[in-house]
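Chemist: These are the residues of each chain, in order.
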Amino acid sequence: MPTTTWNRHHILSLADFTTTEYDTVLQTAASFQEVLSRRTKKVPTLQGQVVANLFFESSTRTRSSFELAAKRLSADTLNFAAATSSMTKGETILDTAKTYLAMGTDIMVVRHREAGVPNAIAAEMDRLGVRVSVLNAGDGQHEHPSQALLDLFTICTLIDPASPRLELLKGKKIAIVGDILHSRVARSNIWSLIASGAEVHLAAPPTLLPKLFAEYISEELGVKSQESSPHFSTPPLFLHWQLEPALQDADFVMTLRLQKERMTAHLLPSLREYHQLFGITRTKLQLCKPNVKVLHPGPVNRGVEISSELMDDPEFSLIQSQVTSGIAVRMALLYLLGSGKA
Amino acid sequence: MPTTTWNRHHILSLADFTTTEYDTVLQTAASFQEVLSRRTKKVPTLQGQVVANLFFESSTRTRSSFELAAKRLSADTLNFAAATSSMTKGETILDTAKTYLAMGTDIMVVRHREAGVPNAIAAEMDRLGVRVSVLNAGDGQHEHPSQALLDLFTICTLIDPASPRLELLKGKKIAIVGDILHSRVARSNIWSLIASGAEVHLAAPPTLLPKLFAEYISEELGVKSQESSPHFSTPPLFLHWQLEPALQDADFVMTLRLQKERMTAHLLPSLREYHQLFGITRTKLQLCKPNVKVLHPGPVNRGVEISSELMDDPEFSLIQSQVTSGIAVRMALLYLLGSGKA
Amino acid sequence: MPTTTWNRHHILSLADFTTTEYDTVLQTAASFQEVLSRRTKKVPTLQGQVVANLFFESSTRTRSSFELAAKRLSADTLNFAAATSSMTKGETILDTAKTYLAMGTDIMVVRHREAGVPNAIAAEMDRLGVRVSVLNAGDGQHEHPSQALLDLFTICTLIDPASPRLELLKGKKIAIVGDILHSRVARSNIWSLIASGAEVHLAAPPTLLPKLFAEYISEELGVKSQESSPHFSTPPLFLHWQLEPALQDADFVMTLRLQKERMTAHLLPSLREYHQLFGITRTKLQLCKPNVKVLHPGPVNRGVEISSELMDDPEFSLIQSQVTSGIAVRMALLYLLGSGKA
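Residue numbers (the working numbering), protein chains in the order written: chain A, 2 to 343; chain B, 2 to 343; chain C, 2 to 343.
Mixed in with the good hints, there may be bad ones.
When chains are identical, the list treats them as one kind, so a pair holds in a single copy or across two.
Said to hold, decoys possible - Straight line, CA to CA, 20 Å or less: simulated SDA-like cross-link-like pairs of lysine to any residue:
(1) K72 / P45
(2) K261 / T93
(3) K43 / G339
(4) K43 / S340
(5) K72 / Q48
(6) K261 / D96
(7) K261 / A83
(8) K72 / G339
(9) K72 / R40
(10) K72 / G49
(11) K261 / I94
(12) K173 / D24
(13) K43 / K72
(14) K43 / A103
(15) K212 / L268
(16) K43 / S75
(17) K290 / G198
(18) K261 / G304
(19) K285 / S308
(20) K290 / E245
(21) K171 / D17
It is worth saying that the hints were derived from the structure and are not from the lab.
Chain A on its own, in the form it takes in the complex (with noise of 0.2 Å):
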């Protein structure tokens, strides 16, 4: 592992990271990418720790990916899930993580419908003066850092894969399409593609695209809104209410899931006229840059956020890399977390 300093005590938003923090979690990221190509796939890093998956939302997929990181590090897991547990006790959340702090957990990662359960555990823990650690899972519409962390590793190792770093991103054009109204990822990676220095482009209808959202996205980073109907443009934020602007000359295209829910609450037509005007395509493609690569954080709408065809084609998709990904860098997480801890 890269000797390095750390000092985030909780992992629960990208809004604040640093330039050194970021090329941190890629650098040991790449460590551990390089040690699940060994033949023993384990490293002792944490053993004797304890991390606990507090998933008050279900979700095998990324807490399967936890799981793993967490095992690779020797660490031992202990999974909460919503549905079997004293939730419909009637415990609280806070009552909840501190029993799992009481049981001598080390890193808490948690997973929540609500926007902010995570840092209201956080903010717990160090009012108590403990020594655990909180991962932001994916709360509500919030954030989602570790998906948004992952999704960097997949472009940087690409651009570099010996030294995956911040600003090889400078200067890309990255397009984020979908419902980014209610997506906890969009968010996280507006963050890091930003301070990255990229070029990044939203594009949505505008149910799942507002205005008012536009304007509280540039407030929130400092840059003027500007409005030129159809699509705003305030440099390195654009936003568009049609796909075409954002693909054109895009090094990378991020799908964003659409939640079939969002059907029943009148945000959209059909899936089908979605997938018409939004989808991503072949042909579609062919308005950004030649070797444009596509993201998708999982699990897909075949044929609606993204052909399937266009899914399969690994000429095109990152989505396996991501998953990869993902253990690579949760394993950074959970140890740079961990590390000084014991």
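Got chain A sorted already, so can you dock chains B and C onto it with the hints?
Modeler: Just chains B and C now, kept in the frame of chain A:
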């Protein structure tokens, strides 16, 4: 670990626990508490042994505690959860247990909402002449021995951290408050506390502490129950239909979880009235000894059994210590049951 | 472990298993059975490898068996359960499998209620050119190879514990009784038993053993089916619509689980009548060879497929041995699939 003789093959009830057995558990747990404070928290004691958590009634908190205890002893764990199991396919409980026996389970940790299930499984294992041990992790309204033992350990280590032993409780006044009638925790605690020579005061509304129960408990304990309405008094067990005489000069107050289902059964007027009459608050604690401590087996209904501010007050609340003690005590129980096996 | 060549990359069906393959599984399982009798039951064979249990159909018993087998080989395990998974989010089965592949899974143990799913996953893995192995843990009414192999191992080790091998069954009469039509266990057993040179007698009511099925099976086996109502007789496979001719002089009786859902489908009059006609009892066993043994894949409906007293009679019942064999056989299968990988 203390070198000791331990002859009990199953832990099903505390009704016939001897002083030596209590002290062995307390001393063994103290050794593991020390292990848990080390950098490397794992010991190889039960390597290669299998601990099966057969939770016919779901409980994340207790299951996680047993699972972590087993993992810290380097045992392999199997989790059986009734919801996703063959139970729905009509298999009997004994057949499920025998299946886990045949797979090579060494220790079965059993929870069931019917009283007597762990005993029935243990009896079947003995009939078959096999060496597997059964540990009752809560059966109906019968017993929850590991909870009472961790309560005991929590109290004893507070009095003498270096050498927790049963006699430390001699002459202490301990109040158990709440839904005595339906509580397996109360039943197990009554056995251990009476054995210690403590004075045990039960306090609950008459619907949750009926005369018949008082007579049954007294008979079991071999003491004569004398009614002196509104409360009985038969040393060393005292029963009260009001909170105040139980709290008067108490050294420890054990509160019990109130199942909200009791409301529907018309056993209680309202949660608010219950809290006013039997909920523990800082004000009510002024009746107790100045350094009184409060316990609760969790999960807590804040503002019902105990006020929210009291629960979070480290001066009075032992609730977090109980959870921590749970790991050490369960490691001790698994160790004592398992160490003679391999 | 026996030094042997094993070239099969997936275990999906026993239809094309060779004698050498059967014998390799049996001998490898015998080696692991010996390991399981030692004080230290774990071997480091699959350390660092990942076994993912992808159970799209829930099964605690089979999942626990595979999980324990993997743990005793020191593999890391991931459990995927359909109920709490992305399946509800619309992801396809192949995408789920590819996600677990991308995480670094070495062996996928797959159960699904549709026939052919494990084959489809294996075909996709091969198409992708990856080294991951797929092990069918039960697919619809198609096959359940590990169950048939553990049945085979149970029988062969009974005949010659030191050297279990396929030829030991040559000339033995084996009755398979029950819901043949819907049983993946029966299908897999038919392949292995016919391959061994045993005489296989199927017995069931006509609704659960239709003529069409008899013809299909005969064709698959390459034998000619001759009707001689009320039963067919085409050596080495015989089909009966009555129990008695199947039991006559049988060496082994394999009973099958009766899914209660069959009643609702009007395939059977009543459980009681089924038990009277096809349920196995000590009295009916008098038709068999004196030292006949009875098997059942579990979970058992006591008093339906088999009488309760017979199930518990160690003189006749191999049901517990089957579960124990399951661990050794599944360790052997994971070892054979995994040992060439790292």
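Chemist: Tell me the hint numbers this structure goes against, listed in increasing order.
Modeler: none
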